[in-house]
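*Asks:* What follows is each chain in one-letter form.
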Amino acid sequence: MGYVDLSSYVRRAATQRELVVQPRMGMARPEEMRAGLLAVRDLPAWTAGTMTLDSYTRVGDLRGARAALDSGAALNGYPLVSHGAGVAAAVAGAVGEDIPVQVRHGSSDPRTIFATMAEAGLFCSEGGPVSYCLPYGRTPLPASVAAWAEGSEALAAAAHAAGEVAHLETFGGCLLGQMCPPSLLVAISVLEGLFFAQHGVASVSLSYAQQTSHEQDVEALRALSALAAELLPREVSRHVVLYTYMGVYPTTVRGAQRLLARSAALAVAGGAQRLIVKTEVEATRIPSVEDNLRALTLAAEAGRAAYAGQGVDPAPEVGSTGILEEARTLVLATLSESGDVGEALQRAFAKGLLDVPFCLHADNAGQSRSAIADDGRIEWVRTGRMPIVPQRRAASRGVTSTGLLAMLQQTARHEDGYDVGSLAIVGGGPRGLSVLERLAARLQEEPPGSGLDISLLDDVAVGSGRIWRPDQSELLLMNTVAGEVTMFSGPADDGPARPGAGPSLAEWWSTFDPERAGPDAFASRALYGRYLGFVLDRIEDALPEGVRLHRRHTRVLGMSRHGERWRLECADGEELYADRVALCTGHPRPAPSAEPDRVPADSAADLDLSAVRPDQVVGVLGLGLTFYDTLALLTEGRGGRYVEDGGTLRYVASGQEPLIVAGSRSGVPLRARGVNQKPAVHGYVPRVFTAERVAALRAGPAVTFRGDVLPWVLAEIMIVRAEAELRLAHGRPVALLTPAELAAVNRDPDPCRVVQEVSRRHGLTDEVPDLEAMAQPFRGVGFASPADYTAALLDLVAEDLALSAQGNADGPTKAGLDVLRDVRQLVRDAVDHGGLTAAAHEHEFVRWFEPLVSALAAGPPRDRLRQLVALVDAGVVRLLGPGFSVERDEHGLVASSPAVAGSRTRIDVLLDARIPAPDLRSSRDPLHRGLAAAGVLTPWVNRSAGDFLTGAVAVTATPFHPVDAAGDPVRSLHVLGIPTEGCRWFMQVGSGRPGPWGSFVKDADAIASTMLTALAAPAHTDRYDERVAL
Amino acid sequence: MNRPLVVLSSVSSDSHTWNLVYLQLLLEEHGCTVVNLGATTPDDLVADALREHRPDALVISSVNGHGAIDGARVMRHLAADPVTASVPAVIGGKLGVAGELGLDAEAALLAAGFHAVLSDPVQLVSTIAALAGQRRLEPAGA
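If you read the protein sequences in the order shown, they are chains A and B.
Numbering-wise, my numbering puts 1083 at position 766 of the first sequence, and it's gapless, one number per residue.
Numbering-wise, my numbering puts 109 at position 108 of the second sequence, and it's gapless, one number per residue.
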């Protein structure tokens, strides 16, 4: 027949410095088996073909194999005997003249298999009387030895008769696949080789399975070659074959590939000339032909690289730890039992001279134990009656069930990256960066005991995120003064900027743009984005050794549990595994508009205004921060400019501006902030709406907002307002309330009334602030014409500008309203996570109070209002009136205000300038949708005395674990920021503030602390793992 | 206090052994004496072991996905002899091909005579303790 002989093929490859690579591959149907062999042959590598038999044939259940074939049931290999010799010859013959073909089977009684092979002209197989007996099944060792003796002799004789040479590979270098000290693997492999030779097999290969230490494995492979050279008859041709790791296999593609590549390098370093590969799907399913081809290609390439790296010199020496001597002792002790190797093996096992650790077979003594030492070497713990002794005392601690699990999984966990902690922060904006900054600050203080990978993922801009990305228009401004913005959790000091100590935005800005920078200046959002990038760089600089930051410019499309980890599926096709994940995904993206003349709401930086032509009329819905941003883009962004003209600001149009027609429900643009008079580091100490009061509120059942919370906030505003008036009057700070009066306010169920009386006594403004009237001054007012409305509006804006000019400390009105910002955290403490009854939360807080706060205390820089006036004067902007609405008629869109006669205006395009609230229930984000569908994220429901369904992601109190569908916290996850809005209040905060930590930093730190504590905890090896299986 | 005696076994079609090694160590650590029958255990061998050792419990562990089918068959076999039928038996591991066993399949195993279907080794320890009439298994040497 002239089939290629494995031995000579391997020799030829070795002279060309090529590793022979071979799959384990078996298909039930002959045509598939044949196609698989052809595909293996056609790879540009030195491959050997394999026909792996199914498990029915392996155990001799030919009826079972036949039944499965007849019924079309799946078989996990090629049923050689059932198909018969003729079919086998045809299948193997397809490639047999090009590459060697080996039959692999795993049978303790190979006689029938070998007979069929011989009939088919196939003489190359593998196994062994010990290695295919002890680890599997219950065949007594003597029976296996007898069957293998007879089978080997028959195969050798048949080969001889056909003018061929039988080849058998020992499986003795594998045994249970893992946890066996190399000396015993080498010994059994050599003994099985001697057994084959004694039974007439003239060509053998000696196997060894990759274990857990490269150095130990190299030494073992060389010991195997040396011992075989010493003991095998000279006329028996031989080579060493390595098995890629046979224990619990990595489950990640990358981990599996890494382990395979390492095995190829090991084969070259140890002098093995053939490698049986494992595929990247080993741990999860039966590999396909394609899986096998990929593995073979990777292994061949890794083998070539190893040969190239080795140069022409022989591989470097490795230190000896006595594997060769120990193996020789075991082999010689066995051979001294009998001149017949088979008989010697039986006696050696019966006496315990050979004793496979953890092997449960009745013919194994079962007194030996092994363990993996800290350096990865497999050591003897107990050697029973074997003629060797444990060498290192360090390994003699005994093996516990937990320790065994850890050892069995060690290689897989290492290659999968489990021994390196992995944290992922999904969303690379300010919230994500704040978590990273606190992680880095803590790691700086206390470097981790082992490696740590931290991935920061953002598909727009890693570090700044979409909203603050550096490449947006410089016209878009922050609405917090630069001195109040920092991303470092501590002030700069003499050292370099680093996590925990770095400049505020204003400090950083002033280092390169001192003209414009200043604590009270408003930076552009793009500039803030660059600052965030600076912070990210400083964080990376400061990471201790072993901690790596991965900036991943991609979007996370989905997450699923993967053992104890999370598997993150990225849009770039990569997968990422993380122990802990913080979701800081920020503002949702809008759904695309179905109508071409409506632009959905989004961050102004992402509104595409390029299609808006100068001759068009643009409707803008909403008069909030995005409205001001939109104005800037459509005016200055189109070449217009402002000039100071005798105290008033005048707009000089470029002619490229469209006509902007805008409105909102209130018909009033967001009011300006008071000119900042507060130092950047300023801590407001509340007088009546105190932490103690909030704690007392939270101690009882859920409360209402307008009855139980708001009066204290209003009293606080009244006190601050009155004290601003007093300060104006006296030129110095004066307290409104005496200690006795303050105590009276705090005791009174109607605090506003008490403050009112005191204020009145001092002749100060005394009315209780009517937030609603302040926010909606045009409520119930009708205007006879657009001109009337515009005049009223401009008066209002002028008044607001005057109030703003008085400042946020000295101006009584703005100072009072600034209380709404100063007590924000206390309001959160009172309201978040169900502090209010369901009804109060929905109707008094979310629908009533939140819009009022936005209108009165979250406004833009005052220059924006001056610009608005200039634009109205220039006729570029027309504000339409309260109750602004847009409808469509047969000609297109028409905007109008029911409160302003003659306000109907036709518009060409409508921009929605209201940033939508996130809603988990209708999220378009695949990550959120997937996690919600899996029950990992759930919408938060306020169930205090009713049901208020929100779209917020339900989270626990700090550190903000999501609450799953079963109501349990998901401790390996955190959700921070905007997606939780509703469960928590006012999450749209994009920066920390210098000074004592506010909630922005506290939230981040709590998450960082929890993540690191969890990683430092011992590995969770106490759970049964189904992967613990050979 | 007597050490609970446990016969640990797989099923006839399952050749996995590391699960059995692990459970033996675990049970021994919790004060049990373990007779480990090893893998691919014929039904007869299980019955013989129960007759010979008269253990406090039989623990069947299988991870090849056929445990539910094979386990039920073992119980039918044991039911034929009052001696073997009287030994409380529990089963665990990866019992179904598709991973988690459904409630129906669990109910079928209970109906076949298993005292419990376990998914976690912690449950195993407490279950054996209960079967052995002890409140809790003391760690060996404690």
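Where hints are given, some of them may not hold.
What the hints assert, rightly or not - Coverage of chain B stretches by chain A, computed from C-beta distances (three or more under 8 Å per stretch; other residues unrestricted): (1) 10–19; (2) 104–118.
Stated by the list, open to error - Only some residues are given here: those of chain A computed to face chain B with a beta carbon under 10 Å: (3) R455; (4) P457; (5) L493; (6) G494; (7) P604; (8) S605; (9) V606; (10) F675; (11) H678; (12) G683; (13) S718; (14) P765; (15) C887.
For the record, the hints were derived by calculation from the structure and aren't laboratory data.
Virtual Cβ for every residue (Gly too), placed ideally from N, Cα, C.
*Asks:* Do the numbers back the hint for A:P457, that is, is its least Cβ distance to chain B under 10 Å?
*Replies:* violated (13 Å)
*Asks:* When the nearest CB of chain B is found for A:S605, is that gap smaller than 10 Å?
*Replies:* violated (19 Å)
*Asks:* The hint names A:G683 as touching chain B; please verify it with the least Cβ-Cβ distance against 10 Å.
*Replies:* Nearest chain B Cβ about 9 Å off; hint holds.
*Asks:* Does the CB of A:F675 sit less than 10 Å away from some CB of chain B?
*Replies:* Holds - the Cβ of A:F675 comes within 10 Å of chain B, reaching about 5 Å at its closest.
*Asks:* Are at least 3 residues of the region 104–118 of chain B within less than 8 Å of chain A when you compare beta carbons?
*Replies:* violated (count 0)
*Asks:* Taking the least C-beta to C-beta distance, is A:H678 closer than 10 Å to chain B?
*Replies:* holds (6 Å)
*Asks:* Under the criterion of a CB-CB separation shorter than 10 Å, is A:P765 in contact with chain B as hinted?
*Replies:* At about 29 Å, which exceeds the 10 Å cut-off, the nearest Cβ of chain B leaves the hint on A:P765 violated.
*Asks:* When the nearest CB of chain B is found for A:R455, is that gap smaller than 10 Å?
*Replies:* holds (6 Å)
*Asks:* Holds or violated: is there a CB of chain B closer than 10 Å to the CB of A:P604?
*Replies:* violated (18 Å)
*Asks:* The region 10–19 of chain B covered by chain A? Criterion: 3 or more residues, Cβ-Cβ distance below 8 Å.
*Replies:* holds (count 4)
*Asks:* Is the interface hint satisfied for A:L493? The criterion is a beta-carbon contact with chain B at less than 10 Å.
*Replies:* holds (7 Å)
*Asks:* Should the hint that A:V606 touches chain B count as held when the rule is a Cβ pair under 10 Å?
*Replies:* Since chain B brings no Cβ nearer than about 23 Å to A:V606, farther than 10 Å, the hint is violated.
Checked against the numbered hints given earlier, the structure breaks hints 2, 4, 7, 8, 9, 14 and 15 and satisfies all the rest.
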